[in-house]
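Enquirer: Listed below are the residues making up each chain.
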Amino acid sequence: MEIIKPGTKIDFIGKRQIGFTLSAVLILLSLAALVYHGGLRFGIDFAGGTIVQIQAMGDAPMSEIRTGLDAVGMGDASVQRFGARGEHEYLIRTDQTLITDEGFSEAVRGAVSDATGLDVKVQRVEMVGPQVGADLREKALLALFYALLFITIYISGRFELKWVLSAVMAGALIGAVYLFALFNVSIPLLILVALVVALLMFWQLRLKFAMGAIVALLHDVFITIGVFALFGVEFSLPIVAALLTIIGYSLNDTIIVFDRIRENIQRHARKPLETVINQSVNETLSRTIMTSVTTLVVLVCLFVLGGAIIHDFAFAMIIGVLVGTYSSIFVSSPILLLLQEAPGKGAAEAMGQA
Amino acid sequence: MKNVSWRIMIVFGVLVVAAVLVIPTFKPSFWPHKQVNLGLDLKGGMHLVLEVETEKAVEGTVERIRNEMRSLLRKERIRHHGITDAGQTALSVTILDPDEIEGIRDILDQEYADVEIQSSSPVEDGLRVKMGLTDEWVREIKKQATEQALETIRNRIDQFGVSEPDIRIQGQRRILVQLPGIDDPQRAKELIGKTAQLEFKLLDEENDLGAALNGDVPSGSEILYQAAEATQTRADGKQQPYLVKERALLSGAHLTDARVQIDPQFNEPYVAIEFDRKGARIFERVTGENVKKRMAIVLDDKVYSAPVIQERIPGGTARITGNFNSQEAHDLAIVLRAGALPAPVEIIEERTVGPSLGHDSIQKGLMSMLIGGLLVLLFMAVYYKAAGLVADFVLVLNILLIAAGLAALGATLTLPGIAGIILTIGMAVDANVIIYERIREEMRLGKTPAASIAAGFDRAGLTVLDANVTTLIAALVLFQFGTGPVKGFAVTLSLGVVASLFTALVISRLIFDYLFITRHVRTLSI
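So the sequence lines, in the order shown, correspond to chains A and B. If you read the first sequence in the numbering used here, its first letter stands for residue 1, the second for the next number, and so on. If you read the second sequence in the numbering used here, its first letter stands for residue 1, the second for the next number, and so on.
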């Protein structure tokens, strides 16, 4: 069986403007969603706060739960249904912290039970203090940053055989980050600066593959985050895990295509770069789609059957895989062309190596 | 390349080791080995991060030095205008005669090697001397407070009886406590978080409680409240106030034992405590000196009872009553026996999962793994026919290897960890897909099946390696940064990547080589 017939020749590169336009639109939409919702909705992992997951032995109207919470001075808490309807599970969240030692979950249980007249069981309690939340936020950002950094080194080293150069660059970036950190620059700003510097360096040093891969990566991560903002998905620790996995996955796709481009450049040194890239994307198309399909199959299973706790994680991964697959075809490879010095030259010359 | 039999032996060896590692998880009696641990999110249990308020331990030390200093200055006949706090780690004293700074220096040399004179400045009525704890000592006090708090908490949990607790210091002043399978989290938290500072203080009966409540608290006294009644879950109004002397006559430091007893008269439990020799002497003396006065038994600034002292009490025993139920009395006895925390602790992170939810999560996780896995197996078999079956076979081995890896590392399986395995199932076939697509391409060029297989594996092998390294990098970074459940995800993802490299590049190649080199199969169904 074959999804993509051999010898398929879709002109992805010729129509790259469509891809770029679509990406630009998606990025703008993400930005708009982020601005409209006032940034990301942080879960308690990052914002601090308390959630209590309760299960009632019957359907409890939300209004009654709220009344019960009001009675114990928890009127500001938010209540939402959690998981399948038949399970009668509710998630109660408040920004307050450091209240769990005073029997908070017991108070919530009692209050809801009194108000609804149902037996109520506390399933889960999570409390993250403000300091811990801030620590986790910082750690998560640094993790994303380091993942990007190490992957960049790997790609520029592996694809352009410039290990020393990429190591020096990485050293410079890490040094710069530490230096700025000394001056108490906020970490998001720090990472932004580091990324911009990295991209400028790629451009200057003509590290095309690294450039293409990182742009595709940022593209994927940003759009995924935009979708979170759009759907109001809470940003929590598992979501960071999902983002890091998406980074790995998106690159995985990109690398397969790049590998083929590199191989074809050596084989068809006379053909124009455009043709070589397009041929490579087409040759790997069947694999790109196959892998996305099998990954999506398991992710959809996880999304549908895995239960409410893992729901957001599965959702994030599904979006990431979709965007990652799209970008490895429409974004990362065409980017290579942007860095081409002289259009129309042979592929090998244009890429500066044979 | 050709030595298939060698590779068979290696692969066989790896699989046997994997089986040996995995079997105890399903049948613990088979042979003893580490099982795959379940995380708290699957097993149910409580995860707490406590922060030790170490500066309170420093404050306590400064306070002690201030009291001792006062009597030392008196002994050395150094006249002064009183000792006051100067910041958190320093004291300042204004002496009348500037020359007597030498006397202070001598006291410090003899008694406190780690307190130094930081500055001295003449003021109108003498010389103000500021002495402070050295930075090293402050650090040492903080470090010891955290370590001691860890020991005390470990003691309490051991006496409470939790199987396989995990208690460790995290960073400078945080303590991580993980209690699997706990069924009364609230009780455990109270047990862990209680400072358990027991003090005996006289009631201030000379001054008026009412005036003190209106803000006119006499110096040397303080207002403390009655501990909440056991039967009340939430204290609505305030409890009964007491006006007590600030100075404690005796503290829990002199305690040697604490046991639950039942009062035969009221049939109520109380906690009987026993003092060491010195404690017993002090208790006998203070009760003798204060007959007919009331003495408050204070635990963590809450008054448990304030009985009138009827007579001098020898023998070094006392009882703490306070309307306990027997569980509370039992827990109180535990914390008193295990000793007070050197500084108060605060719970700054809590994650508690009930056992039923954990069980539910496992069920759902395994179900999605099963369904997702079957769909992928089916898909591969349909798409790549016989070769797809080979991919399916190695995929099953892949899961075996991940489980073996978890067991070998003694790693913890969490809910995100299960998600990691599920994700790996989807991504593991990727390596096979890359190779098979390449083999198909080679065959289209007209090569024989055997040649196509060789070319496919050789050419695609490097690509597979490249592609997986990035996921591995992401997983390792995640492992570094992750906490608890997320770390579990990083572990299964990393194991999955490594296992899929091994199964796709080594095992499935071996199967093809065996069929096409050793068995001389001529046609390839792919």
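Just so you know, the hints here were simulated from the structure itself, not pulled from any lab data. Don't take each hint at face value.
[Unchecked claim] Some, not all, of what chain A presents toward chain B, calculated at C-beta under 7 Å:
#, residue
1, Met1
2, Ile4
3, Thr8
4, Glu106
5, Tyr146
6, Ala147
7, Pro238
8, Ala241
9, Leu244
10, Ile247
11, Asn252
12, Val298
13, Leu305
14, Ala308
[Claimed, not checked] Pulled from the structure, derived: some chain B residues nowhere near chain A, Cβ distances all over 12 Å:
#, residue
15, Arg7
16, Asn67
17, Leu72
18, Thr94
19, Ile101
20, Ala113
21, Arg174
22, Glu205
23, Ser326
24, Leu357
25, Ile362
26, Asp466
27, Ala475
[Unchecked claim] Restricting the straight-line Cα-Cα distance to at most 25 Å, the calculated cross-link-like pairs of lysine-lysine (DSS-like) are:
#, chain 1, residue 1, chain 2, residue 2
28, A, Lys139, B, Lys487
29, B, Lys364, B, Lys43
30, A, Lys15, A, Lys5
31, B, Lys364, A, Lys5
32, A, Lys15, A, Lys271
33, B, Lys142, B, Lys56
34, B, Lys43, A, Lys9
35, B, Lys364, A, Lys121
36, B, Lys43, B, Lys487
37, B, Lys292, B, Lys245
38, A, Lys5, B, Lys447
39, B, Lys364, B, Lys302
40, B, Lys245, B, Lys56
Cβ coordinates follow ideal geometry from the N, Cα and C atoms, glycine included.
Enquirer: Each hint should be assessed against the structure and marked as holding or not.
Expert: Structure-based check of all given hints:
no., hint, result
1, Met1, "holds, 5 Å"
2, Ile4, "violated, 9 Å"
3, Thr8, "violated, 12 Å"
4, Glu106, "holds, 6 Å"
5, Tyr146, "holds, 5 Å"
6, Ala147, "holds, 4 Å"
7, Pro238, "holds, 6 Å"
8, Ala241, "holds, 5 Å"
9, Leu244, "holds, 5 Å"
10, Ile247, "holds, 5 Å"
11, Asn252, "holds, 4 Å"
12, Val298, "holds, 4 Å"
13, Leu305, "holds, 4 Å"
14, Ala308, "violated, 9 Å"
15, Arg7, "holds, 26 Å"
16, Asn67, "holds, 31 Å"
17, Leu72, "holds, 39 Å"
18, Thr94, "holds, 38 Å"
19, Ile101, "holds, 40 Å"
20, Ala113, "holds, 34 Å"
21, Arg174, "violated, 9 Å"
22, Glu205, "holds, 32 Å"
23, Ser326, "holds, 19 Å"
24, Leu357, "violated, 4 Å"
25, Ile362, "violated, 10 Å"
26, Asp466, "violated, 5 Å"
27, Ala475, "violated, 7 Å"
28, A:Lys139 / B:Lys487, "holds, 13 Å"
29, B:Lys364 / B:Lys43, "holds, 14 Å"
30, A:Lys15 / A:Lys5, "holds, 20 Å"
31, B:Lys364 / A:Lys5, "violated, 38 Å"
32, A:Lys15 / A:Lys271, "holds, 19 Å"
33, B:Lys142 / B:Lys56, "holds, 9 Å"
34, B:Lys43 / A:Lys9, "violated, 53 Å"
35, B:Lys364 / A:Lys121, "holds, 20 Å"
36, B:Lys43 / B:Lys487, "holds, 16 Å"
37, B:Lys292 / B:Lys245, "holds, 16 Å"
38, A:Lys5 / B:Lys447, "holds, 19 Å"
39, B:Lys364 / B:Lys302, "violated, 47 Å"
40, B:Lys245 / B:Lys56, "holds, 21 Å"
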